[in-house]
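Novice: So the sequence shown is numbered by UniProt numbering: it starts at 1 and just counts up by one.
Warning: the hint list may mix true and false statements.
[Stated by the list, open to error] Heads up, simulated DSBU-like pairs for lysine-lysine below, C-alpha to C-alpha not over 30 Å straight-line:
hint, residue 1, residue 2
1, 503, 297
2, 399, 440
3, 436, 413
4, 54, 36
5, 399, 367
6, 366, 487
7, 413, 453
8, 436, 40
9, 40, 185
10, 103, 120
11, 367, 436
Simulated from the structure, these hints should not be mistaken for laboratory data.
Owing to the predicted nature of the structure, the values given are computational and were not obtained by experimental measurement.
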Amino acid sequence: MVELYVDLRRILYGYFLRMPGVRNQVKKQVEEAVGKLQTKLVPLNATRYLTLPKEGWDQDAVRKELQTLADMDHTRWEDGFVSGAVYHGEDELLKLQTEAYGKFTVANPIHPDVFPGVRKMEAEVVAMVLGLFNAPAGAAGVSTSGGTESILMACLSARQKAYVERGVTEPEMILPETAHVAFRKAGLYFKIKTHLVACPAPTYQADTRAIARLINSNTILLVGSAPNFPHGIIDDIAGLSKLAVKKNIPLHVDCCLGSFLVPFLSRAGFETQPFDFRLKGVTSISCDTHKYGFAPKGNSTVLYRTQQLRAYQYYVDPAWSGGVYASPGIAGSRPGALIAGCWASLMSTGEDGYLQSCIEIVGATKKLLTHITTTSPVLAQELEILGNPLVSVIAFRSKTLNIYDIADGMSAKGWHLNALQNPPAIHVAVTLPIVKVWEKLAGDLEVVVEQEKEKERARVAEGRGAKGKEVGDSAALYGVAGSLPNKSVVVDLARGFLDILYKA
């Protein structure tokens, strides 16, 4: 009955939004919001280049303009003020990556005979990552452009396996609602029906019994995360593995965010949970080398228990007039320079380097967690940690305040944290840059929470409620997203944002 009510409410609200007067007013407000966003993202005083220069610039002029672009006002990731996004960023590694890129700028792995070094490096990167995740003999993998592509390929492989081996033509997959949104994208792209399973408090993990109830003859894939992006929680992968073995269904574990941290947790002396190929039900794993592997952006891997599973993601056309065509994934041409940068990063860091990074990053995460829950009376009283995070991500919500007001307060102090919804929360993904400034992050968070508590006390004393108070960007966007039963307005805002990205 509850689901029926929610669906009916959403449909009726959709009709309401389509009424002429309402539609025009909503359109006007969306345009105003997008306009404000454009003013923020597209500087008016910048010189714009909308056509090719008649004569090419000399290299010094190009370098000067590149420096101007690099110096544009931005959140200070260099100082550790950004959650996630930049995971290493130290000059020594950046210099090595730049040198590796320079040696292979024109390289393209689609031509392995022309660029044999790139083929060798790519194969070695995949082999190294397979080793980290305890892959069995006969396991295989592919490098991709990022976590989304890795997840897409894993879903495609599962779909093709089910079609070839079982004749499934209406595929379905089951995932926790906290699984990365790329799985939903895969469902849209590859016509796979997606079932989302709730991840309620206090564990914020999906119940394997609820997942089991959704399995049917069309189920092609089960999904778990180690950890998930929103809350940093590792799903019950061991339980999912048992279910996958019992039902003979592939299980994908998304370790894109866990990356090169989760394989080192135990050796670093931290609590961990089973998550890799040592669990018999795990058939594929995604791992981003460009996160805690510290490779340049545009590097990820998808790993399979068998070569046959990998082959299901291949595309081969033996009859094309341009010749026999074969590619391991979505892309044809790919930048060999990024593969070289990835290989150089892995080789220069090594096991000892990744172990030390795990100690520092997860150690700082534990310290921040303790500060929020115990050390700081202000934060302990006001904030609540979601679940039991074991890796590098801490998510928290407020017991009495609007968490998005806190997010905006932190933004005003120069921090770029991640706003979450369902439930409303903020998360911090600790990186090497944040390791150096976690105490400042904790201190600023205390100040902002105190400021918001004082604002709330003042409103109560003056007899004013939340209505009419000034709100920041996060509070405005997620307040709308959370209050509307029909999300079409939020979709319009998001599309407007995407359009702005290509505003020259």
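Novice: Take the hints in turn and mark each one as holding or not.
Specialist: Evaluated hints:
no.: 1; hint: 503 with 297; in the structure: holds (23 Å)
no.: 2; hint: 399 with 440; in the structure: holds (23 Å)
no.: 3; hint: 436 with 413; in the structure: holds (17 Å)
no.: 4; hint: 54 with 36; in the structure: violated (34 Å)
no.: 5; hint: 399 with 367; in the structure: holds (21 Å)
no.: 6; hint: 366 with 487; in the structure: violated (36 Å)
no.: 7; hint: 413 with 453; in the structure: holds (17 Å)
no.: 8; hint: 436 with 40; in the structure: holds (29 Å)
no.: 9; hint: 40 with 185; in the structure: holds (28 Å)
no.: 10; hint: 103 with 120; in the structure: holds (15 Å)
no.: 11; hint: 367 with 436; in the structure: holds (12 Å)
Violated hints, in rising order: 4 and 6; the structure is consistent with all others.
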